[in-house]
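Student: Going line by line, the protein sequences match chains A and B. The first sequence lines up with residues 1 to 382 when you count with the working numbering. The second sequence lines up with residues 1 to 145 when you count with the working numbering.
In case anyone wonders, no lab produced these hints; they're calculated from the structure. It should be emphasised that the depicted structure is a prediction, and the values quoted were computed from it without experimental measurement. Incorrect hints may appear among the rest.
Restraint-style ranges between C-beta atoms, simulated for each label pair [said to hold, decoys possible]:
#, chain 1, residue 1, chain 2, residue 2, range
1, B, Thr131, A, Asp117, 22 to 28 Å
2, B, Pro81, A, Leu186, 56 to 62 Å
3, A, Pro19, B, Glu74, 52 to 58 Å
4, B, Pro81, A, Val250, 24 to 30 Å
5, B, Pro81, A, Thr22, 48 to 54 Å
Some residues of chain A that are not near chain B, with every Cβ distance over 12 Å (derived) [to be verified]:
#, residue
6, Asp4
7, Gly20
8, Leu88
9, Ala113
10, Phe138
11, Ala187
12, Trp247
13, Arg305
All residues carry an ideal CB built from backbone N, CA and C; glycine is no exception.
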Amino acid sequence: MSTDVVVLGVGLHPFGRFPGKTAIQMGVDASRLALADAGVAWSDIQFGFGGSREVDNPDAVTSRLGLTGIPFMDVYNGCATAATALALTADKIRTGEYEIGIAVGMDKHDPGAFTSDPTYYAAPEWYGEVGHFLTTKFFAMKINRYMHDHGISHQTLARVAAKNYRNGALNPNAFRRKPLSEDDILASKMLNYPLRHYMFCTPDEGAAAVVLCSAEYAKRLTDDPIFLRAATVRTRRYGAFEVHASWAAVEQDAAPTVYASQAAYEQAGIGPNDVDVAQLQDTDAGAEIIHMAENGLCADGEQERLIAEGATEIGGSLPINTDGGLIANGEPIGASGLRQVYELVLQLRGQAGERQVPGNPKVGYGQLYGAPGTAGVTILSK
Amino acid sequence: MARVAFAPDVFTDTDPPELIGSRCGQCAAVAFPFQSTCARCGADTERHLLPRRGTLWTFTTQDFLPKEPYAGGETPDTFQPFGVGLIELVGPDGPVVRVEGRLTIGDPEQLRIGDEFELVLVPFRTDPDGTEVVTFAFAPVGGQS
Numbered sequence: 001m002s003t004d005v006v007v008l009g010v011g012l013h014p015f016g017r018f019p020g021k022t023a024i025q026m027g028v029d030a031s032r033l034a035l036a037d038a039g040v041a042w043s044d045i046q047f048g049f050g051g052s053r054e055v056d057n058p059d060a061v062t063s064r065l066g067l068t069g070i071p072f073m074d075v076y077n078g079c080a081t082a083a084t085a086l087a088l089t090a091d092k093i094r095t096g097e098y099e100i101g102i103a104v105g106m107d108k109h110d111p112g113a114f115t116s117d118p119t120y121y122a123a124p125e126w127y128g129e130v131g132h133f134l135t136t137k138f139f140a141m142k143i144n145r146y147m148h149d150h151g152i153s154h155q156t157l158a159r160v161a162a163k164n165y166r167n168g169a170l171n172p173n174a175f176r177r178k179p180l181s182e183d184d185i186l187a188s189k190m191l192n193y194p195l196r197h198y199m200f201c202t203p204d205e206g207a208a209a210v211v212l213c214s215a216e217y218a219k220r221l222t223d224d225p226i227f228l229r230a231a232t233v234r235t236r237r238y239g240a241f242e243v244h245a246s247w248a249a250v251e252q253d254a255a256p257t258v259y260a261s262q263a264a265y266e267q268a269g270i271g272p273n274d275v276d277v278a279q280l281q282d283t284d285a286g287a288e289i290i291h292m293a294e295n296g297l298c299a300d301g302e303q304e305r306l307i308a309e310g311a312t313e314i315g316g317s318l319p320i321n322t323d324g325g326l327i328a329n330g331e332p333i334g335a336s337g338l339r340q341v342y343e344l345v346l347q348l349r350g351q352a353g354e355r356q357v358p359g360n361p362k363v364g365y366g367q368l369y370g371a372p373g374t375a376g377v378t379i380l381s382k
Numbered sequence: 001m002a003r004v005a006f007a008p009d010v011f012t013d014t015d016p017p018e019l020i021g022s023r024c025g026q027c028a029a030v031a032f033p034f035q036s037t038c039a040r041c042g043a044d045t046e047r048h049l050l051p052r053r054g055t056l057w058t059f060t061t062q063d064f065l066p067k068e069p070y071a072g073g074e075t076p077d078t079f080q081p082f083g084v085g086l087i088e089l090v091g092p093d094g095p096v097v098r099v100e101g102r103l104t105i106g107d108p109e110q111l112r113i114g115d116e117f118e119l120v121l122v123p124f125r126t127d128p129d130g131t132e133v134v135t136f137a138f139a140p141v142g143g144q145s
């Protein structure tokens, strides 16, 4: 027995830097907004999943929302944390175990590239000591090879970043809201060739929450439901070129995003041609370009032409990262994927204001990717 | 003056040095550094020395001082950018594994995917007692660095 899953409500605490405000409080604020948007009370919520990297115990939001005794489970799964919380919440509704639940993500990171103990990622201890334990370095090596193989130019990297800053300027919840020209971006400091300072997102702070329920439950509250058609998570296979690894196999396999994406399309019964608006993991401008192809939204190399023609702009044929993506919003890991769902829901409801995709979009697509080689995909539709 | 490796069991104490990897007893998949079980099939592995030469599969540059646990000992003022590459090491029977390592070239204009590189040891840092710590790196074959 299984039931359709509806996204009943979404809430978002702005992304940025909020000195003096705790991650838990941001999670509480986002949860209250999601409950209000859903038209339900906290006491209606039957279970929850919380995601965070910095917060040991996201479940502490319950102490500010009401200690109702519900099962509340905490997850951490790298940059795919939010996708994991969402997928688990959806599963418990789809199988009929519960009727309504909440996924909450929150984080509060220090500025600058993430760091950790490499042994926690099954990398050798010396890997960090010699200066290789950096996600930025991996993304740079991946896009450099991709540019070589598929004819992507440095200008296209700048176009992607400029588009995301432009979209971020239209988003009151974004962190970086100042438009930057392609020239500004190409003149910024090189961090890891070919990627420059303004081509990267930054770890920051924020929270997001999503209330999910069964289609039956939703009938009482909305005539116009947004369905969660798929939520998948996949890890790297042998042969994928992945972050935080001191070596790669000669025998090559596709990235985990490809497998998460294929599984999501299958689960949703929706194909890449049906996608009207997408939010893709743009840890850097190159990642957005690669992820367009890994998610089946174009062929390898086609991005050079599509992006030059403006296809990925808000008014284009394939709008991507309409809220500014990670580049303009930054990445509070626990919340990042739920931010994507928040934006997709606004777009499908026609509530995205200045950044609304025209033409009444019906299918929204979200994708996360991160260390140590985990991807999550979400598909929504009216 | 003492000269020591930056970490044990990464390369051999021979001239020339060789990287110490592992090879799966079941499926022959090769990894670096040594890991006791196979990344492809999970079976037990054996110590396996890697070919010293190969081609540059991809590269980047490290243009900013990494945060801890980086232990190069530089300050933001003394830090010199370095190249990082993935070298596809080639043995008598063809490519064996791709290994990530420092490159002796840090200028991206002088690096090309497909160029031939070989294993070398390079100074990593000098400790307060004068001990020179060395790490492995890849240099262009023919030494045009």
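Student: Work down the list of hints and note, for each, if the structure agrees.
Tutor: Against the structure, the hints:
no., hint, result
1, Thr131/B / Asp117/A: 22 to 28 Å, "25 Å, holds"
2, Pro81/B / Leu186/A: 56 to 62 Å, "18 Å, violated"
3, Pro19/A / Glu74/B: 52 to 58 Å, "30 Å, violated"
4, Pro81/B / Val250/A: 24 to 30 Å, "29 Å, holds"
5, Pro81/B / Thr22/A: 48 to 54 Å, "37 Å, violated"
6, Asp4, "38 Å, holds"
7, Gly20, "24 Å, holds"
8, Leu88, "26 Å, holds"
9, Ala113, "7 Å, violated"
10, Phe138, "9 Å, violated"
11, Ala187, "14 Å, holds"
12, Trp247, "4 Å, violated"
13, Arg305, "23 Å, holds"
Comparing the model with each numbered hint stated earlier shows that hints 2, 3, 5, 9, 10, 12 do not hold.
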